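Using the supplied hints, reconstruct the complex from the two chains, each of which is provided in its own coordinate frame.
Line order of the protein sequences matches chains E and W.
When the letters of the first sequence are read in order and numbered with our numbering, they come out as residues 1 to 466.
When the letters of the second sequence are read in order and numbered with our numbering, they come out as residues 1 to 84.
Quick caveat, the hints were computed from the structure, so don't treat them as lab data.
Here the structure is a predicted model, which is why all the values come from computation and not from measurement.
All C-beta atoms in this analysis are idealised placements derived from N, C-alpha and C, irrespective of residue type, glycine included.
Wrong hints could be hidden among the right ones.
[To be verified] If we take Cβ atoms under 7 angstroms as the criterion, some of the chain W residues that face chain E in the derived model are:
1. Ser21
2. Met45
3. Met61
4. Ile64
5. Ile65
[As the list claims (entries may be wrong)] For lysine to aspartate or glutamate, the following DMTMM-like pairs were computed, each having C-alpha atoms within a straight-line distance of at most 20 angstroms:
6. Lys424(E) / Glu18(W)
7. Lys459(E) / Asp40(W)
8. Lys217(E) / Asp63(W)
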Amino acid sequence: MNLFNDLEKYSSNTAIVTESSDQISYLDLLDAADSIGNHIKKRCLVFFVCNNCFESVAGYIGFLRAGSALALIQDTTDNTFIANLIEVYKPEYIYLPAKKSELQINCTIVHTFGDYTLLKTDHNVVYTLHENLALLLTTSGSTGSPKFVRQSYKNINSNAEAIAQYLGITSNDRPISTMPMSYTFMLSIINSHLLKGASIILTNVTLMERHFWRAIKENNATTFGGVPYIFEMLKKLRFEKVNLPSLKYITQAGGKLSMELSAEFADICVGKGIEFYVMYGQTEATARISYLPCEYAQTKVGSVGIPIPGGKMWLEDSEGNQIDSAGVAGELVYQGDNVTLGYAEDYLDLAKGDENNGLLRTGDIAKYDDDGFFTIVGRAKRFLKMYGNRINLDEIEQLVTEEGYDCACSGEDNELVIYLTQSKEIENIKSYISRKMKIHPSGIDVIYISKIPRNESGKILYSELA
Amino acid sequence: MLGEILKNKQKYDQVFIESFSIDESKLGDNLEYSTIPEWDSVGHMGLIAELEEAFDIEMEMDDIIDFSSYKKGFELVAKYGVEF
Chain E
1 MNLFNDLEKY SSNTAIVTES SDQISYLDLL DAADSIGNHI KKRCLVFFVC NNCFESVAGY
61 IGFLRAGSAL ALIQDTTDNT FIANLIEVYK PEYIYLPAKK SELQINCTIV HTFGDYTLLK
121 TDHNVVYTLH ENLALLLTTS GSTGSPKFVR QSYKNINSNA EAIAQYLGIT SNDRPISTMP
181 MSYTFMLSII NSHLLKGASI ILTNVTLMER HFWRAIKENN ATTFGGVPYI FEMLKKLRFE
241 KVNLPSLKYI TQAGGKLSME LSAEFADICV GKGIEFYVMY GQTEATARIS YLPCEYAQTK
301 VGSVGIPIPG GKMWLEDSEG NQIDSAGVAG ELVYQGDNVT LGYAEDYLDL AKGDENNGLL
361 RTGDIAKYDD DGFFTIVGRA KRFLKMYGNR INLDEIEQLV TEEGYDCACS GEDNELVIYL
421 TQSKEIENIK SYISRKMKIH PSGIDVIYIS KIPRNESGKI LYSELA
Chain W
1 MLGEILKNKQ KYDQVFIESF SIDESKLGDN LEYSTIPEWD SVGHMGLIAE LEEAFDIEME
61 MDDIIDFSSY KKGFELVAKY GVEF
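Isolated chain W, as found in the complex (with noise of 0.2 angstroms):
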């Protein structure tokens, strides 16, 4: 379960990291949209892409316009049944 989770929480870095090609160190709190110029409305249409892919989801237009930083993410992605 914990093993699950973990792993779920690295999927979700890795969309980021590789959505935006930035560094690990770049993720966290203050990364909220617009905040980097990669997490730009294209940005923001590839991550979302990218999320529904790893987790095998497809999210609603109200939690993709919601979406509005990395830790919020976390939150709507949960609702999906994925935990974190």
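Next comes chain E alone, as it looks inside the complex (with noise of 0.2 angstroms):
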């Protein structure tokens, strides 16, 4: 089974508008991802090194036109760690950005395209691929580490169709990018975008900058995805006051939004006409797993939903028993075609075959409503159990966030440790924590920092705090 085969099927329509705006009709766009992928003469692994613009877009669809596998790694990533990682998969093939070009690796120029170039390398390893693997992504929560989670076509076409079908993606759509297309969520967007014949805006820059809001306009964009702190930049930015008529409707994954965020989106959007979709995901499920309708946005702020159509959503206990009453705490389970094969740490893990049979433990502590509405209340693996009581870091958290103030939590059992970037409000934060989740205050350290490390995505890097 191969991606993205019957494009043809969509010919004169725009499949990408570029930075500079040209319009590039799908045949084109298939003539030069044919053109790229035809130098791949036999099944075989491709890094590819990507970045928001055409030449990108079409080594992707050409690649996988080609049969071959890929794996996404984002133009930004340190070239010591792309060489690892070479070092590690032993790729064929290598596209890459000429901002890349001085990455040190033995190979031959096979092919170049606008600013990319199609590199073979000399490596002469031979290994297995197994036949269903289609994707190689890095988990958007690991820096550094050579882990990958694979996908099969069939995960990625089932959750591109997914997420056309509730989102009700036509070939009217326009889509801009606000992410780099190696994150799960870009991705996820640009499939289930083309698989639906709909013109995708693409772009490096971010919603700081002019160029992002002319291209919104001049190109009509119909929708854009952002993750939590894109959400922190529209607010900053007064999206409500900003008039976009062709804006049909934007969709919120990559992490929990806050609660006030949440609702202040909901009644934004509803103000301007927009659909507003919270989701959720992971790239273990290939992106999505649930959605919350958009009608429910108002009235359901902070659920994450219900799964999204072809998938089976559940908790269970900490003894692996199902839950079946609502508003009770659990590990949630996924059940769908979009859950992917399992993780790659080499070369060899790419001949493995399906590991999860369709079944993931989120490692999310969800709960219900009584409409079967999901609602995330932590991560199983963010506690800490405090004099015998188990306390939820993320909820600690979310506790100092509301009092007003950027924090990140970590520590071990009995040592609560709270990352503060107020120093002035050391003392406060501690009493106020010990005061409202009755903890100790001998257990909680307070510690100045000035600022909280995260991704791109705005995610916390927990391994970063000292």
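Structure, rendered in structure tokens:
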């Protein structure tokens, strides 16, 4: 099974709008894609250093149409780390932009396309790629780890179909990129829109730059997606005052949006006649697991909604028994065709088949309400035992955040550590959390930190906290 | 008057130094959006929030997205009645 094999049917539709506003039709995109993909003579692994540009998307489609497996790597990834990944996975080809030309690897130039070059590596290790393996994606939480999630053709196709179905995507849609395409969230936007013959507006600039707003207006973007920090930016930019008549719907995923921002955007969007979808997912489930239908955005604030079409969700208690009453917290378990094959840690793992059999233990703790709508209440692994009581680090972070301070919580049992960016508030926060959570103050250490380390999607990098 | 202007310049510089955790020597006409890793979109959001707080102003979207350099910022912040 291959992906993107019937995009010809969209022929003269615009597939891509570039940063310089060039419109590229599906036929021209496929021409370019196949001119790159045809250089790959047999099924093999291609390392694909991506960037939100035409050459990049053309390569992505071309390699997949040619039946290759692709590892997606963001172009801002450090060269030493890429070199290490190449050593560990031994790809046969590398497709990369000019800005990565200083990458030190032994290889031969096979083809150049615009800003991109296709290189053939010189290793001679022969290994097997499982027939269903399509993509290798890094998990958003991991930095510096060579671990990839293995996604199959079926995973990608079923998730893109489900997303297109619940969002009602049509060929008239024009999503604009807000994140790198190596992010599962962005990739799912690209995949689901290509599937429906829509036009993707590609840019590498962020919401904090004028070009983004010019591109959204001039190209009549109908939608964009955002991780929580993008919504913080939209708030800072006073999105409620921005007039964008072409915008039909916006989606949120990639982490939990605060209740406050969620409620605020639900209201703003209703006021503007824009649909607002809060969604939930993991790279381990290709991208999406659940979504909150937009008509509930205001009444079910904080909920991640219901499973995507074709998926099933339930909760299990710590003994693995299914929870059958509303309001009881348990681990969220998901079943669907988008549950990925498993992980890979080196090239030998690429021969592995499906290790999950469609079942994913998300590691997230959730509850559901009387209407069957799920709400994530924490991370299973983000718990500490404080003097015999289980406490949720995310909940403490939320409490502090609600007081108006940026923080990150970690620590060990009986040693809760709160990293705070406001040195003057250390004592106040300590007594507040102690009071609120009924934890003895001697078990709480509040440490001043100038800035909470975060990755580009705004997730806290706990490993970088001292 | 001159004292106030000097103080504003110091305040402005201090916000950059603290928002990006950079040395004073990095401040200057060469300091532009995305020329240092700290000044990315997330850093920009923090910078604007800190400037707004320091000068007790509320910047318009157009000024936030035009704030492309240390130099340009003076002009934009000055629009809100801050003298440099």
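Against the structure, the hints come out as follows:
{"no.": "1", "hint": "Ser21", "result": "holds, 6 angstroms"}
{"no.": "2", "hint": "Met45", "result": "holds, 5 angstroms"}
{"no.": "3", "hint": "Met61", "result": "holds, 5 angstroms"}
{"no.": "4", "hint": "Ile64", "result": "holds, 6 angstroms"}
{"no.": "5", "hint": "Ile65", "result": "holds, 5 angstroms"}
{"no.": "6", "hint": "Lys424(E) / Glu18(W)", "result": "holds, 16 angstroms"}
{"no.": "7", "hint": "Lys459(E) / Asp40(W)", "result": "holds, 15 angstroms"}
{"no.": "8", "hint": "Lys217(E) / Asp63(W)", "result": "holds, 18 angstroms"}
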